[in-house]
Amino acid sequence: MSGPETFDRVLMTCAVVFVVVAGALLLFRISRGPSMLDRAIALDVFAAVVIAGLGAKSAFARDSFYFPIMLVLAFLGFTGSVGIARFIAVRDKPLSRRRAGGKEGQR
Amino acid sequence: MNVWSQVADTAGAVLVFLGAAISLLGVVGMVKLPDVLSRSHAATKPQTLGLLLVLAGVGLRLHSGMDLATLALIGFFQLMTGPVAAHLVARSAYRTGQIERGELLFDDLDAQLTEPEPETEPGTEPEPGTGPERDQG
Chain A
6 MSGPETFDRV LMTCAVVFVV VAGALLLFRI SRGPSMLDRA IALDVFAAVV IAGLGAKSAF
66 ARDSFYFPIM LVLAFLGFTG SVGIARFIAV RDKPLSRRRA GGKEGQR
Chain B
209 MNVWSQVADT AGAVLVFLGA AISLLGVVGM VKLPDVLSRS HAATKPQTLG LLLVLAGVGL
269 RLHSGMDLAT LALIGFFQLM TGPVAAHLVA RSAYRTGQIE RGELLFDDLD AQLTEPEPET
329 EPGTEPEPGT GPERDQG
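For the protein sequence lines, the chains are A and B, in the order given.
Throughout the first sequence, residue numbering follows my numbering, covering 6 to 112 in sequence.
Throughout the second sequence, residue numbering follows my numbering, covering 209 to 345 in sequence.
Same shape as in the complex, but just chain A (with noise of 0.2 angstroms):
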């Protein structure tokens, strides 16, 4: 009984080191991103991350503590890119005359 038990815990302990590693790459794509729709994408993973480490945590205690925090998040978590992409990425490049390619930089 103590083996598959033992698996389990390495299992979900190695899945919540990989969501903790994503975010911050996550972290780091925010802080560098060279516009904000990079950032703004970045923010809507962010959510998803945290909704599936806060998954594994659930799966990793058997509780279902956290539920409600993982629904508002699914529920709310896209506000903040709809926001960016609709009022201040036209703000935060204004606006590109023409359209030739390659003027972002860091490409």
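Hint data in this document are derived by calculation from the structure and do not stem from the laboratory.
From a predicted model like this one, the values you see are computed outputs, not experimental measurements.
Here are the computed distance ranges between Cβ atoms for each label pair:
#1 Ser36/A <-> Gly310/B: 22 to 30 angstroms
#2 Gly310/B <-> Asp68/A: 50 to 58 angstroms
#3 Pro9/A <-> Leu241/B: 32 to 40 angstroms
#4 Lys240/B <-> Gly88/A: 24 to 32 angstroms
#5 Pro242/B <-> Ala29/A: 18 to 26 angstroms
#6 Ser246/B <-> Leu32/A: 14 to 22 angstroms
By construction, the Cβ of each residue, glycine as well, lies at the ideal position given by its N, Cα and C atoms.
Keeping the supplied structure of chain A fixed, place chain B upon it in accordance with the hints.
This is chain B only, laid out in the frame that chain A set:
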């Protein structure tokens, strides 16, 4: 019955592990890909497949009906809200000219936007001259 419960627990742990691994792979793609649209392509993997695998794993380890319903709602809302954000981000990237137009194989939207003034910026103050093509993206 105890054997099947153990099998369900192990399968749930494996699904959680696979979901976290797919999330990590998608995030690595988001870090390494060079463009807004490419990153948006990589961003859909953690949002849909990774998260659904994790939720399925959690549902296999928790056996309550209310928990399963909540997990189904989480997956449903994530699937509903993901394309909205991705669509708006890609639309804004196209409108503000932040994509590589030379690397596109097909550009069906370009025929609608061949105006002499390309800055039909969405969402700001309404300009009367750029009315018809505003909400077609």
